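With chain A fixed as given, assemble chain B onto it according to the hints.
Keeping their order, the protein sequence lines are chains A and B.
So the first sequence is numbered by my numbering: it starts at 110 and just counts up by one.
So the second sequence is numbered by my numbering: it starts at 110 and just counts up by one.
Treat the hints as calculated values from the structure; they're not laboratory data.
Check the hints yourself; a few may be wrong.
[Unchecked claim] Cβ pair distances, simulated, as ranges:
# : chain 1 : residue 1 : chain 2 : residue 2 : range
1 : A       : Lys252    : B       : Glu156    : 14 to 22 angstroms
2 : A       : His498    : B       : Leu273    : 28 to 36 angstroms
3 : B       : Glu156    : A       : Val345    : 28 to 36 angstroms
4 : B       : Pro197    : A       : Ala409    : 53 to 61 angstroms
Because the structure is a prediction, the values reported are computed rather than measured.
From the three backbone atoms N, C-alpha and C, an ideal C-beta is built for every residue, glycine too.
There are 2 protein chains.
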Amino acid sequence: MKIQLITIGNELLNGKVQDRNAYWLAGFCHEHHIDFTKNHIIPDEKEALFSSLNQAWNEADLVITSGGLGPTKDDLTKDMISEFFKRPIIECDKAMHCALENYKKSKREYDPRLEYSKVPEGFEPLLNRVGYAPGLFFRDNSKMIAALPGVPSEFKTMFTEEVLALAKNNIKETSTYRKHVIIKTWKAPESLIFNSIAPTLWDDLSELGEVSSLPNPMGVDIGVKIQADDLSQLSVKEQKVREYAQNSPLKENIWHIGKETIEQVIVQRAIEKNIRIGFAESCTGGLCASRITDVAGSSAVFMGSVVAYHNEVKENVLNVNKSTLEKYGAVSSETAWEMAQGARKALSADLVVTTTGVAGPGGGSKHKPVGTIGVGYSSERDCAGDLHHLPAKDREEMKLVFSQLALMKMLEQIELY
Amino acid sequence: MKIQLITIGNELLNGKVQDRNAYWLAGFCHEHHIDFTKNHIIPDEKEALFSSLNQAWNEADLVITSGGLGPTKDDLTKDMISEFFKRPIIECDKAMHCALENYKKSKREYDPRLEYSKVPEGFEPLLNRVGYAPGLFFRDNSKMIAALPGVPSEFKTMFTEEVLALAKNNIKETSTYRKHVIIKTWKAPESLIFNSIAPTLWDDLSELGEVSSLPNPMGVDIGVKIQADDLSQLSVKEQKVREYAQNSPLKENIWHIGKETIEQVIVQRAIEKNIRIGFAESCTGGLCASRITDVAGSSAVFMGSVVAYHNEVKENVLNVNKSTLEKYGAVSSETAWEMAQGARKALSADLVVTTTGVAGPGGGSKHKPVGTIGVGYSSERDCAGDLHHLPAKDREEMKLVFSQLALMKMLEQIELY
Numbered sequence: 110m111k112i113q114l115i116t117i118g119n120e121l122l123n124g125k126v127q128d129r130n131a132y133w134l135a136g137f138c139h140e141h142h143i144d145f146t147k148n149h150i151i152p153d154e155k156e157a158l159f160s161s162l163n164q165a166w167n168e169a170d171l172v173i174t175s176g177g178l179g180p181t182k183d184d185l186t187k188d189m190i191s192e193f194f195k196r197p198i199i200e201c202d203k204a205m206h207c208a209l210e211n212y213k214k215s216k217r218e219y220d221p222r223l224e225y226s227k228v229p230e231g232f233e234p235l236l237n238r239v240g241y242a243p244g245l246f247f248r249d250n251s252k253m254i255a256a257l258p259g260v261p262s263e264f265k266t267m268f269t270e271e272v273l274a275l276a277k278n279n280i281k282e283t284s285t286y287r288k289h290v291i292i293k294t295w296k297a298p299e300s301l302i303f304n305s306i307a308p309t310l311w312d313d314l315s316e317l318g319e320v321s322s323l324p325n326p327m328g329v330d331i332g333v334k335i336q337a338d339d340l341s342q343l344s345v346k347e348q349k350v351r352e353y354a355q356n357s358p359l360k361e362n363i364w365h366i367g368k369e370t371i372e373q374v375i376v377q378r379a380i381e382k383n384i385r386i387g388f389a390e391s392c393t394g395g396l397c398a399s400r401i402t403d404v405a406g407s408s409a410v411f412m413g414s415v416v417a418y419h420n421e422v423k424e425n426v427l428n429v430n431k432s433t434l435e436k437y438g439a440v441s442s443e444t445a446w447e448m449a450q451g452a453r454k455a456l457s458a459d460l461v462v463t464t465t466g467v468a469g470p471g472g473g474s475k476h477k478p479v480g481t482i483g484v485g486y487s488s489e490r491d492c493a494g495d496l497h498h499l500p501a502k503d504r505e506e507m508k509l510v511f512s513q514l515a516l517m518k519m520l521e522q523i524e525l526y
Numbered sequence: 110m111k112i113q114l115i116t117i118g119n120e121l122l123n124g125k126v127q128d129r130n131a132y133w134l135a136g137f138c139h140e141h142h143i144d145f146t147k148n149h150i151i152p153d154e155k156e157a158l159f160s161s162l163n164q165a166w167n168e169a170d171l172v173i174t175s176g177g178l179g180p181t182k183d184d185l186t187k188d189m190i191s192e193f194f195k196r197p198i199i200e201c202d203k204a205m206h207c208a209l210e211n212y213k214k215s216k217r218e219y220d221p222r223l224e225y226s227k228v229p230e231g232f233e234p235l236l237n238r239v240g241y242a243p244g245l246f247f248r249d250n251s252k253m254i255a256a257l258p259g260v261p262s263e264f265k266t267m268f269t270e271e272v273l274a275l276a277k278n279n280i281k282e283t284s285t286y287r288k289h290v291i292i293k294t295w296k297a298p299e300s301l302i303f304n305s306i307a308p309t310l311w312d313d314l315s316e317l318g319e320v321s322s323l324p325n326p327m328g329v330d331i332g333v334k335i336q337a338d339d340l341s342q343l344s345v346k347e348q349k350v351r352e353y354a355q356n357s358p359l360k361e362n363i364w365h366i367g368k369e370t371i372e373q374v375i376v377q378r379a380i381e382k383n384i385r386i387g388f389a390e391s392c393t394g395g396l397c398a399s400r401i402t403d404v405a406g407s408s409a410v411f412m413g414s415v416v417a418y419h420n421e422v423k424e425n426v427l428n429v430n431k432s433t434l435e436k437y438g439a440v441s442s443e444t445a446w447e448m449a450q451g452a453r454k455a456l457s458a459d460l461v462v463t464t465t466g467v468a469g470p471g472g473g474s475k476h477k478p479v480g481t482i483g484v485g486y487s488s489e490r491d492c493a494g495d496l497h498h499l500p501a502k503d504r505e506e507m508k509l510v511f512s513q514l515a516l517m518k519m520l521e522q523i524e525l526y
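If we strip away everything but chain A, and leave its shape as in the complex, we get (with noise of 0.2 angstroms):
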């Protein structure tokens, strides 16, 4: 089944917000081998919204539309739905019920002037369970839309609960069984690796499946789309592909072999091994610990984290020397280190990685220009700094950055216990 999503909203055109249900819908598709195969993002226009449907409609088996069902004026799917399917909108008992429903649940009083009550003739009404909006569904032969609210909980709960329910009978039980390997390496670009490290490597993973390259700001991403008549030969593969990188030259610049993200991999690693992780942080303001934090049970190892943003903090809480602020400043390997020490004993954490440096725009010097990062680590065996200069981003990307190499530092130590 082909899948196209028609992300609709202003907002997301003039920079006010970012769109997250395509992403989520992405990995969802991917997770249940269903085709998502082009995403559409346009204003609350009919003119862009018919263009977008007239491609969709004719590519996909399901189109999905986001957003534009609420209550106000500029919420105008629905009508624009109704022109392009020219059906006219109807009163419809089962979508009154929906609402009155919802109304009910949430000690509200039902407001007619909202027409949650109408759809497009010969569309069904969608149960929001977690608003008030419903969404409308229609199916002509083997093409299907729906229409979802944009709020990220509705529409994923709705795709999930509602809209797959109906799709159901589309979804072919496929015979092949098919996977993503990703390699996930570190410390060298796509050119190195694929130029010198490892020349023959793309050709050789070809072999066994369709091979894919992604840069991210710290390795690269080799995947691997495998596939098989069942399951065991598709893991016998899978085994093959992690034969070969583990014994490829490109061994050292592994870290994982799995979808699992960093952080995850590192909750999941200090479990294995009851290491209880913590950070002190001056230039990523908490991203750390906000990222280690996204991962669910994390819980079980990391105890916390020190935001020392200003040195006063720093002093107090991770007990760094004022001198060794004066002498080295705040940016710098031995802050870094000091920081450490301080925090692993704060937060009583086994391991802690330190992060001080200069995000920008503002605060950079001739020699520590935007860029400069201090990452510090202790262990009960080891206490250490550096001090990095990477290539000058804007603020959040430059944030960003700084934390991927804080918690690969952490992966590190933690691969050393």
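For chain B alone, kept in the frame of chain A given last:
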């Protein structure tokens, strides 16, 4: 000038990466009065690119592609564009010069297998100052296309430095001035605002400009697009919007009029009032601190945050009583305000806000299900804690909503100073 962006990459449609270029470009175009009319997100496939290129080349004045210019075999954009425009790929002295310069600068040797010196006939290479792969530019009468790398720092730099200069003549000097005035509200959903609190608001504001409404986890942003023939008329109109809003029945729900985020408003107001702020975070895991430190200049007032994920850290660093944790639990208003008192001292801050809640998916109980959060604050004059029950969402969204609640509490407290 109308722009459409075609974002190319399998990784964007299987949930591995969330694109950020479209969001950035949308904001940039909005600031510069350029119409960003559609974003196509498609896989690295000829059929998909041709379908999007056909539409975009037909509807837009400037088509941008992002991604697929790198050195690996799944980078197909150059070949596909060459085929679409029926222009064979040829050697180009300028492209070779760009590539050699970039490699010389980074003290690496250029490998001719990269083919960075080749462009489709009639295309111009675009200098990539922050990466290696050059971009491509082509003009056909009033239509233009630019192919840029997907790496965000390269995309941004090349768009602003190279593409805009080449497209300059096509960006008409406008004789109308435009502005999007945003009325940011909280504590009431859309239907309540427009049906009960201020039923004439939409129509009244529509007399000043085009109105839009955008719900978010904690409130509603109401936008008014105003335009005028000169800047002083524009400013008069903006003033009218502001005065109308501030005198409307909605006034109690407005926390800001302007495009700034809540974290930007917090930093700005804290600087104006000279208040040193900080957090103690359990369930938000550093996200409050990370959001505040996304704001350039936050170091003027932001002391730091104690991410006290484990109860030992709540006791040892924040001085929360063991008996409080035992009697009321970590997720309680009592723990929240003890955390606030301890953190204000530890961080030498004037005002601290704290979070302790259940982000899920595990850890919920009958009385404290996922979505329960204790929020506390401590200032010179006052210290308190509340317990809230918010609708359960998935973990990352839950953290976002929790952090939003904490930032609202912080802004409320700053406004009371």
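Here's how the hints hold up against the structure:
In this structure the supplied range 14 to 22 angstroms holds for A:Lys252 paired with B:Glu156, their Cβ-Cβ distance being about 19 angstroms. Distance hint for A:His498 and B:Leu273: a CB-CB separation of about 29 angstroms, consistent with the stated range 28 to 36 angstroms. Taking the beta carbon of each, B:Glu156 and A:Val345 are about 32 angstroms apart, inside 28 to 36 angstroms as hinted. Roughly 59 angstroms separates the CB atoms of B:Pro197 and A:Ala409, a value that falls within the hinted 53 to 61 angstroms.
Checked against the numbered hints above, the structure breaks none of them.
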